[in-house]
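J.: Below are the chains, spelled out letter by letter.
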Amino acid sequence: MRISRSWNPMLVPKALLVLAVAFLLAPFIVVLGASFDPATEFHVAFPPRGISLGGYETIPWRYAVATGVSLLVGLSVAVLATLVGTAAAFGLVRGRVVGRETLQAFFRLPVQIPFVVTGAVFLQFYYQLAPLTGVNLLDGIGGLVIAHVFVAIPYSVGSVSAVLARFDPALEEAAEILGATRWGTFCQVTLPIIRPGVMAGAFYAFVVSFGDVPVALFLVAGRWTTLPVQIFQDMQFDFRPSMLAVSSLVAVVSLIAIFGVQKLAGFEVASAREGGKS
Amino acid sequence: MRRSSVHWERFLWVALTISLVLLVLPQANFIVLSFHADTGLGQVSDELTLENYVRLFIDPFYLHAFWLTVYLSALSAGSALLLGFPAAYALARIGGWIAPAILGLVLTTSLITIVVKLMGLNIILGPLGMLNNQAGVLIGLVQYTLPLIVVLLFGVVQTIPVALEEAAAILGATRRATFWRVLLPNARPGLVSSGLIAFNMCMGAFTSAVLLGGGRVRTVPVLIQQMIIQDTNYARGAALSTALVAFVFLLNLIVVAMISRSSRHAH
Amino acid sequence: MAKVSVEGVSKSYGDVRVVDNVSLTIPQGEFVVLLGPSGCGKTTTLRMIAGFVDPDEGRIQIGDEDVTHMAPRLRNVGMVFQHYALFPNMTVAENIGFGLRQHRVPRAETAARVTELLALIQMPTRGNSPISALSGGQQQRVALARALANSPRVLLMDEPLGALDLKLRETMQEELTRIQRELGVTTILVTHDQHEAMSLADRIVVMAHGRIQQVGTPDDLYMRPHTRFVAEFVGRNNFLSGRLEAAHGGEALVVLNCGASVRVPTRPGLVPGMSVELAVRPQHVMLGAADGITARLEERRFLGNVVHYAVRLPSGDMLLMERPTQAGLPEPGCDVVVSWQEDHAHLFDMQGDALHEA
Numbered sequence: 010m011r012i013s014r015s016w017n018p019m020l021v022p023k024a025l026l027v028l029a030v031a032f033l034l035a036p037f038i039v040v041l042g043a044s045f046d047p048a049t050e051f052h053v054a055f056p057p058r059g060i061s062l063g064g065y066e067t068i069p070w071r072y073a074v075a076t077g078v079s080l081l082v083g084l085s086v087a088v089l090a091t092l093v094g095t096a097a098a099f100g101l102v103r104g105r106v107v108g109r110e111t112l113q114a115f116f117r118l119p120v121q122i123p124f125v126v127t128g129a130v131f132l133q134f135y136y137q138l139a140p141l142t143g144v145n146l147l148d149g150i151g152g153l154v155i156a157h158v159f160v161a162i163p164y165s166v167g168s169v170s171a172v173l174a175r176f177d178p179a180l181e182e183a184a185e186i187l188g189a190t191r192w193g194t195f196c197q198v199t200l201p202i203i204r205p206g207v208m209a210g211a212f213y214a215f216v217v218s219f220g221d222v223p224v225a226l227f228l229v230a231g232r233w234t235t236l237p238v239q240i241f242q243d244m245q246f247d248f249r250p251s252m253l254a255v256s257s258l259v260a261v262v263s264l265i266a267i268f269g270v271q272k273l274a275g276f277e278v279a280s281a282r283e284g285g286k287s
Numbered sequence: 129m130r131r132s133s134v135h136w137e138r139f140l141w142v143a144l145t146i147s148l149v150l151l152v153l154p155q156a157n158f159i160v161l162s163f164h165a166d167t168g169l170g171q172v173s174d175e176l177t178l179e180n181y182v183r184l185f186i187d188p189f190y191l192h193a194f195w196l197t198v199y200l201s202a203l204s205a206g207s208a209l210l211l212g213f214p215a216a217y218a219l220a221r222i223g224g225w226i227a228p229a230i231l232g233l234v235l236t237t238s239l240i241t242i243v244v245k246l247m248g249l250n251i252i253l254g255p256l257g258m259l260n261n262q263a264g265v266l267i268g269l270v271q272y273t274l275p276l277i278v279v280l281l282f283g284v285v286q287t288i289p290v291a292l293e294e295a296a297a298i299l300g301a302t303r304r305a306t307f308w309r310v311l312l313p314n315a316r317p318g319l320v321s322s323g324l325i326a327f328n329m330c331m332g333a334f335t336s337a338v339l340l341g342g343g344r345v346r347t348v349p350v351l352i353q354q355m356i357i358q359d360t361n362y363a364r365g366a367a368l369s370t371a372l373v374a375f376v377f378l379l380n381l382i383v384v385a386m387i388s389r390s391s392r393h394a395h
Numbered sequence: 002m003a004k005v006s007v008e009g010v011s012k013s014y015g016d017v018r019v020v021d022n023v024s025l026t027i028p029q030g031e032f033v034v035l036l037g038p039s040g041c042g043k044t045t046t047l048r049m050i051a052g053f054v055d056p057d058e059g060r061i062q063i064g065d066e067d068v069t070h071m072a073p074r075l076r077n078v079g080m081v082f083q084h085y086a087l088f089p090n091m092t093v094a095e096n097i098g099f100g101l102r103q104h105r106v107p108r109a110e111t112a113a114r115v116t117e118l119l120a121l122i123q124m125p126t127r128g129n130s131p132i133s134a135l136s137g138g139q140q141q142r143v144a145l146a147r148a149l150a151n152s153p154r155v156l157l158m159d160e161p162l163g164a165l166d167l168k169l170r171e172t173m174q175e176e177l178t179r180i181q182r183e184l185g186v187t188t189i190l191v192t193h194d195q196h197e198a199m200s201l202a203d204r205i206v207v208m209a210h211g212r213i214q215q216v217g218t219p220d221d222l223y224m225r226p227h228t229r230f231v232a233e234f235v236g237r238n239n240f241l242s243g244r245l246e247a248a249h250g251g252e253a254l255v256v257l258n259c260g261a262s263v264r265v266p267t268r269p270g271l272v273p274g275m276s277v278e279l280a281v282r283p284q285h286v287m288l289g290a291a292d293g294i295t296a297r298l299e300e301r302r303f304l305g306n307v308v309h310y311a312v313r314l315p316s317g318d319m320l321l322m323e324r325p326t327q328a329g330l331p332e333p334g335c336d337v338v339v340s341w342q343e344d345h346a347h348l349f350d351m352q353g354d355a356l357h358e359a
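Chains as they are written, first to last, in the numbering used here: chain A, 10 to 287; chain B, 129 to 395; chain C, 2 to 359.
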């Protein structure tokens, strides 16, 4: 009895893999390529008919401002979400709690609500809050930061919970019996070892905040517009070569930043996905 | 000095309070709002009414929007599974250092802000006539969900040992038989849960639908934004939003119930 | 160096009394092994001495100090954990020096002490290695050095050799003995491996079900087990049920189930008619004596320098024998006569307590 092997059984999956990767990378390559096209108007050409940095030279100032806003918001969100998420994770993994699974599910909720809805929800909330407290969270980035923290907490909780669950309690006992105080143990042993998980959570919080469109669309305007929203709004009107240039820059810088952060903080992008993305 | 025990729960309570406040207060406010009537120019009346919700069930405009959203979400989730499963399978079987590298690359594409991707898609799909229509939105949704699907299914395939397929081959099974009898049944729970995740993501997807549909493909998320920002019909927008969330939640429950019933029959 | 004294210590988790009224005194410099099967309470006892578990009752003293509820870091005790628990974010030298840094020892002194300890564990060049680069045996030695860095008055070890393969384990046992002798530190080691206990311990504490079964030197335990548990756990033993027929002075006559009558040394004052169990070790059972028990040889297994026989008695019970390999040994299937020297047997009552002279 012969097993028929007239064609490579892995051919179809491998081909589809190539197709999938090409499909996912195509838009970036097109944007990058078209950004070098020496066009001065809104006509887009790919492949580019030549190499010109015209698009890059005419980037309006508002994009730089928007980038600054996005960075500020993103970093704030990363810090705040990490603080809350790490506290929650320690409590969930190490605390004596009833209904641990329900609580874990609760912390995964924000990511399961569509971002459009979250944006609308917080918009209305801030409208109601303004006359009551005298604080208008829609003026400036405060409201956006809070809304983004709401959405980002699950990533931090998931990421830190994962490393904490794997943490060997004997390590802390060893530190204790060698003379370390509780705080000393936490700083010298616990924190350094869970750092990759904490950093991964912070990283995802930043990425989610930086790349978000729907929530920011509802909650900021004018000079506090974030970069994705700026691009989004401009895209709805016309194409300028500068937009392609900005997008390419965003893509390339993001790519470098992602790899850089991975190396520095010591975690793998692929494995950090335990955060519970919906 | 006595050994103190750390009450880790206290950290949880703090975090929980913050999260609860962020979740409950705004949502409650929102849902209450949906039970009022819009009186134009962003104002709402003082009395409670169910009209906003009733309208969703009666007006064919909204029914069509829900149907369109479900249709596009299901189609794109299915397409993502169709493309993503073999791709994930290939990655899992290739293994080595290449697989995590490609996986990282795939994931990275989803971490870069979506508008960049959509700009590229805009350029590609324009000449193909797939812009400002459902086809474009479909492609955009698949772009949105495919990376996560590949990552999730990669994990699923990794839990199916190669030895199973080899055993089937030694016993004389063709590749097709191995696929239907060995691979698919074992991957089914993972496929279902990943598919559901993708479906949920698409049901809530806004940016892709707007930019690739040109405002003409009126899925529910697109409608929500239009109603709230453009029309300032806050109460109706709130009702639509709440209805969307409830609808997706219910759909998930039904699917999960159906799945567990069918797997009980299988045993 | 200090002595350790455990007095009436108990610990329960829910309804389970994991440690039941354990009392123990360990003189300065002694190497004591807590031996027993899983769940016998040996690890919990060790952890109470370390301070990670709070006793429900009783008192623990190290030296003259009552440490019963004292925090671990104040007890000046060193511990080697089962899976070493070396800090992965530090090098070998940083691990070893950790305890010194916690006590604010000046850097120069710390470095000198680390060098000294690296020499003690025979790894002088590995100071800057990351933990991940070490083999199991090397990790174990670093864990030991780290525990000794603070010059603790007591050294505790929780099944430290369990993860090592046999050859490595034997080498490490020799190392441990050497280091312990050299430093003279009071040492308490927990293990379930009786061979390890026998080779390392000055005295062994056998535990079962949360209680101490017997405390003694290795040969004490082997030759004069106080309970059936110890007789069975330490070394191999055959158990034959029977009835006490008569008792006179230091000797008793026991009728075994198989019908044979044997004499066994006992303590005085036993009541005839009681049910008993007789224990005799496989290597003490002999072949071919004039008066013995006739039995059928069922199985024979060559193990190199010894031969194992499985012998079936008339009552149906099996007896295991171990004889040195020699020519002319009987074949399976034939009848043999088995017997043993009177004082090689031990008698136990049905509660498991020894009936021989203490």
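These aren't lab readings, by the way, just hints derived from the structure by calculation. These figures come from a predicted structure and were not determined experimentally. Any given hint could be a false lead.
Claimed, not checked - For each label pair, taking beta carbons as the anchor points, the in silico distance ranges come out as:
#1 B:THR177 / A:THR111: 32 to 40 Å
#2 B:SER133 / A:VAL21: 55 to 63 Å
#3 A:LEU28 / C:GLY137: 21 to 29 Å
#4 C:PRO107 / A:THR111: 50 to 58 Å
#5 A:ASN145 / B:GLN358: 20 to 28 Å
#6 A:TYR65 / B:ASN380: 50 to 58 Å
#7 A:LEU28 / C:LYS168: 49 to 57 Å
Stated by the list, open to error - Among the chain B residues that face chain A by a calculated CB cut under 10 Å, a handful are:
#8 ILE146
#9 LEU312
#10 THR335
#11 LEU339
Said to hold, decoys possible - Covered stretches of chain A, going by a simulated chain B footprint (3 or more residues, C-beta under 8 Å):
#12 30-40
#13 82-96
#14 103-115
#15 129-135
Beta carbons are placed, not taken as given, at the ideal position from N, Cα and C, and that holds for glycine.
J.: For every hint, state whether the structure bears it out.
T.: Hint check:
For B:THR177 and A:THR111, the hinted distance range of 32 to 40 Å is satisfied, since their beta carbons lie about 34 Å from each other. For the pair B:SER133 and A:VAL21, the beta carbons lie near 58 Å from each other, so the given range of 55 to 63 Å is met. Between A:LEU28 and C:GLY137 the beta carbon distance is about 46 Å. The supplied range of 21 to 29 Å is therefore violated. Between C:PRO107 and A:THR111, the C-beta spacing of about 52 Å keeps the proposed range 50 to 58 Å intact.
In this structure the hint that A:ASN145 and B:GLN358 lie 20 to 28 Å apart at CB holds, the actual value being about 22 Å. A:TYR65 and B:ASN380 have their C-beta atoms about 46 Å apart, which leaves the hinted 50 to 58 Å range violated. At about 54 Å, the CB distance of A:LEU28 to C:LYS168 agrees with the hint of 49 to 57 Å. The interface hint given for B:ILE146 is met, as the beta carbon of that residue sits about 6 Å from the closest beta carbon of chain A, less than 10 Å.
A distance limit of 10 Å between C-beta atoms decides the matter here; for B:LEU312 the minimum to chain A is near 13 Å, and the interface restraint is violated. The closest approach between the C-beta of B:THR335 and any C-beta of chain A is roughly 4 Å, which is under the 10 Å cut-off, so the hint is satisfied. About 6 Å separates the beta-carbon of B:LEU339 from the nearest beta-carbon of chain A, less than 10 Å, and the hint is met. Counting residues of the stretch 30-40 of chain A whose beta carbon lies closer than 8 Å to any beta carbon of chain B gives 10, which meets the minimum of three for the stated coverage.
Proximity of the stretch 82-96 of chain A to chain B, defined as three or more residues with a beta carbon under 8 Å from a beta carbon of that chain, is established by the 3 residues found. Figure legend: the stretch 103-115 of chain A, annotated as covered by chain B; annotation consistent (6 residues with Cβ-Cβ distances under 8 Å, at least 3 required). Given as covered by chain B, the stretch 129-135 of chain A passes the check, having 6 residues with a CB less than 8 Å from a CB of that chain where 3 are the minimum.
Violation of the numbered hints given earlier is confined to hints 3, 6, 9; the remaining hints are satisfied by the structure.
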